[in-house]
Amino acid sequence: MALDLARWQFAVTTLYHFLFVPVTIGTAWFLVGMQTAWYRTGDERWLRLTRFFGKLFLINFALGVVTGIVQEFQFGMNWSAYSRYVGDIFGAPLAIEGLAAFFIESTFLGLWIFGWDRLKPKVHLATIWLVAIGSTASAYFILAANSWMQHPVGYKINPVTHRAELTSIAQLFTNSTLVNAFAHTIAAALLTAAMLVLSVAAWHLRRGGEVPMFAPVARIALWATLAAGVATVLLGHAQGQLMTKQQPMKMAAAEALYTTEKGARFSLFDIGPWQKHPTKSLVSIAIPHGLSILADNSWDGTVEGINDIQRQYVQKYGPGDYEPIVGVTYWGFRIMAGLGFLAILIAIVGLWLARLPGRLERSSRFLRLAVAGVALPLVANLAGWLFTEMGRQPWIVQGLLLTKDAVSPNVGAWSVGLTLVGFTALYGILAFIEAKLMIGAAQAGPDPEGTYATDSAEPATIPALTY
Amino acid sequence: MLIASTHGYWNLPTLWFFLIVVLWVGYFVLEGFDFGVGMLLPFVGRNVPERGTLIRTIGPVWDGNEVWLLVAGGATFAAFPGWYATLFSGFYLALFLVLVGLIVRGVAIEYRNKHPEEHWRARWDLTLAVSSAVPALLWGVALADVVHGVPVNAHGDYTGNLLNLLGPYALFGGITSLLLFAFHGALFLTLRTTGELHERARATSVRLALPAAALVFGFLVWTYVNAASAHDKGLVPGIIPIAAICLPFVAGAFTRAGREGLAFASTAASIALITLTLFLNLYPRVIVSSTNNAFSPTIFTTSSSHYTLTAMSIVALVLTPLVLLYQTWTYWVFRARLGDLDAAEIRSPLDLLERSPLGRGRPDPGG
Chain G
319 MALDLARWQF AVTTLYHFLF VPVTIGTAWF LVGMQTAWYR TGDERWLRLT
369 RFFGKLFLIN FALGVVTGIV QEFQFGMNWS AYSRYVGDIF GAPLAIEGLA
419 AFFIESTFLG LWIFGWDRLK PKVHLATIWL VAIGSTASAY FILAANSWMQ
469 HPVGYKINPV THRAELTSIA QLFTNSTLVN AFAHTIAAAL LTAAMLVLSV
519 AAWHLRRGGE VPMFAPVARI ALWATLAAGV ATVLLGHAQG QLMTKQQPMK
569 MAAAEALYTT EKGARFSLFD IGPWQKHPTK SLVSIAIPHG LSILADNSWD
619 GTVEGINDIQ RQYVQKYGPG DYEPIVGVTY WGFRIMAGLG FLAILIAIVG
669 LWLARLPGRL ERSSRFLRLA VAGVALPLVA NLAGWLFTEM GRQPWIVQGL
719 LLTKDAVSPN VGAWSVGLTL VGFTALYGIL AFIEAKLMIG AAQAGPDPEG
769 TYATDSAEPA TIPALTY
Chain Z
2 MLIASTHGYW NLPTLWFFLI VVLWVGYFVL EGFDFGVGML LPFVGRNVPE
52 RGTLIRTIGP VWDGNEVWLL VAGGATFAAF PGWYATLFSG FYLALFLVLV
102 GLIVRGVAIE YRNKHPEEHW RARWDLTLAV SSAVPALLWG VALADVVHGV
152 PVNAHGDYTG NLLNLLGPYA LFGGITSLLL FAFHGALFLT LRTTGELHER
202 ARATSVRLAL PAAALVFGFL VWTYVNAASA HDKGLVPGII PIAAICLPFV
252 AGAFTRAGRE GLAFASTAAS IALITLTLFL NLYPRVIVSS TNNAFSPTIF
302 TTSSSHYTLT AMSIVALVLT PLVLLYQTWT YWVFRARLGD LDAAEIRSPL
352 DLLERSPLGR GRPDPGG
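Quick mapping for you: the protein sequence lines, in order, are chains G and Z. For what it's worth, the working numbering labels the leading residue of the first sequence as 319, then goes sequentially. For what it's worth, the working numbering labels the leading residue of the second sequence as 2, then goes sequentially.
By construction, these hints were calculated from the structure, which means they are not laboratory data. Quick caveat: nothing in here was measured; it's all calculated off a predicted structure. Treat the hints with caution; some may be incorrect.
If you want the footprint, here are the derived chain Z segments under chain G, 3+ residues with CB under 8 Å [to be verified]: (1) 71 to 80; (2) 87 to 96; (3) 195 to 209.
No more than 25 Å apart at the CA atoms, straight line, and that leaves these computed lysine to any residue pairs for SDA-like [unchecked claim]: (4) G:Lys440 - Z:Thr331; (5) G:Lys563 - G:Gly527; (6) G:Lys722 - Z:Thr331.
Yeah, the Cβ is synthetic: ideal placement off N, Cα and C, and Gly gets one too.
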């Protein structure tokens, strides 16, 4: 019971945290682009955009930061057996994340918010660059930790303590899983930010507000959505191929492929009975040979099925059930990938409309779609995370430690349940407040023209962003 | 005896123990005044715009200050996984309350000015005061418990419940940290404000000086009595706790003499020395088992491998000076005092628009 509650707590707090993280990382780079453009061109529109999206960034950033503290504590609180077992390896990237990324991110964000009238424009520009670099670096370190759980490298098991110990920090930080996951995650973060910017620009264009400013922004956001979307899909594909080698069970479950097949079909859509091992399909649409092509670029490649991998694992690790919940893994993967493709489709339609001057701005139906489009990457991000973590089950560290052996032995179900309810309630309230603020600030739009006397070379006329 | 039990790399666990002490010292000294400013909002600020100015004194730095906690947690996880596991799973519900406090507090600071209505801001101000007091109290309780001892079994697992954490000594420790952080925060405000706010911050400092100093005195004497009755040999040179006891009194004297910089330096030093006293009293244990002192996990039984500690030492020794450098620079950039005028000042009508996110608020001096 305590185990299930601890898992629910991890899922709730991590997924919630991961709503904000990609927005922070991606939007930080958009701010870098906008403020750099302002610095180089002196065009006030870029300054107004920087400050406008800066406000949205800060509303989002606040929740990202405060919910991140829970993540740092949770391993010790709910997963003390895990912490003891892997701390030698897992703690290092977490500590380095704090030292190398969080300090930079938080300190320079403070300077960016309050430094508009205190720092030289060039120094002030450097602060937002450092915020973007810091937040991107934090993704690298935390994914180093997570990738080790997916694909442990650079370790040995201490024969006395039976714990995993680090033997190569270089291998930890060059793990092939990490390199792939990092690239895929950053691309997804940029996609998320691009669709956020597109959504906000579309909202204003539909009402005919600030068209000379938002029309070019919408075009840039469309191109960024297309580029980041394609990159996310291609990098995700590379990650999938790696996963087929490193975590074949996760891939098999993602495809609900039970028996090993040559020239395996790729299932587009499948509804089976809701049980851990659905034995029959009610509705099924599939592309012949699709999965073999995806998994190893060959028409007739062999893809291992769940039942065969289960047999291998029983031989290797002893009796047990080594299958994740197929329905969650299968649909997590499909929702993630499906929404990603939908995002690309929206970008293509938008760019098609945008080829004629003024066409995009008048296309009310497309603009309405683009406003709602911001939900796609947010849901896809959560689905992807859910897929990769649920697909690793029953392992917490692939092949080394089972999730059921990782939970704190001395924390009762009541305690976990109480904090689960507490965090969920608190997070729910905060989500409500954040959504209200975010929508309010996005709809209010940028400051009117001429707000900042930028031609006088007097930075003192630009006030701090908030407070 | 300790050195003998460590198979030749005694220096690394000890080095990391003291690095973690440095991180906690950094956290308490820095976020200590953040907590203080938050708690004192209703007392030093008479209205919403004034409270806005007070929050602005910590606005650029509070988040960076909080990272010290994240790094302390991460470093404990990396260097002493066993310590991290015992402490965080043991102090479960107390840490949950700390987390709720820190979450709500961060949101209060960041969201307060995102909406122009006065009652919105007033509500967040009250939230900030309460959510600053909760962790300020609980950190004192937790640290006192770690040193005084809690039920821990031979496996290093905590076997008590929330009530075991709320003994008289621990609660005394909590009230001490609460008052000391409030005093520290009041002194920070004297350094960062002008005019009437400055006067009120000063008067508050004067009022808090004696109670805070008396609590520190009582708490450290109690700590000493505990250590003596447990026959702890201890490694605490007397000068450290004695200085820690004297400094809040010194801070009070400086406050009355109008030497606010020195007064603030004194509370900062006192917080650092109290933290050091407690950790030295703890060393080489990482948490004291009240079940049986022999069960107390130590830096040697909980530490990471020699390889990890070496690698992390290199990382820490390269990065920490850099962090200190740019954090110090931040304080230098924002050294200017904020006064009553800042609260009311609207530089231009457009500035007003900038300050109200919805763009349709009434004149809003609280920006």
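Hint check results:
1. 71 to 80: Contact hint for the stretch 71 to 80 of chain Z vs chain G: holds, 9 residues under 8 Å.
2. 87 to 96: holds (count 8)
3. 195 to 209: violated (count 0)
4. G:Lys440 - Z:Thr331: Roughly 16 Å separates the two Cα atoms, so the pair holds.
5. G:Lys563 - G:Gly527: Violated. Lys563 (chain G) to Gly527 (chain G) sits at ~51 Å, over the 25 Å cutoff.
6. G:Lys722 - Z:Thr331: 46 Å, violated
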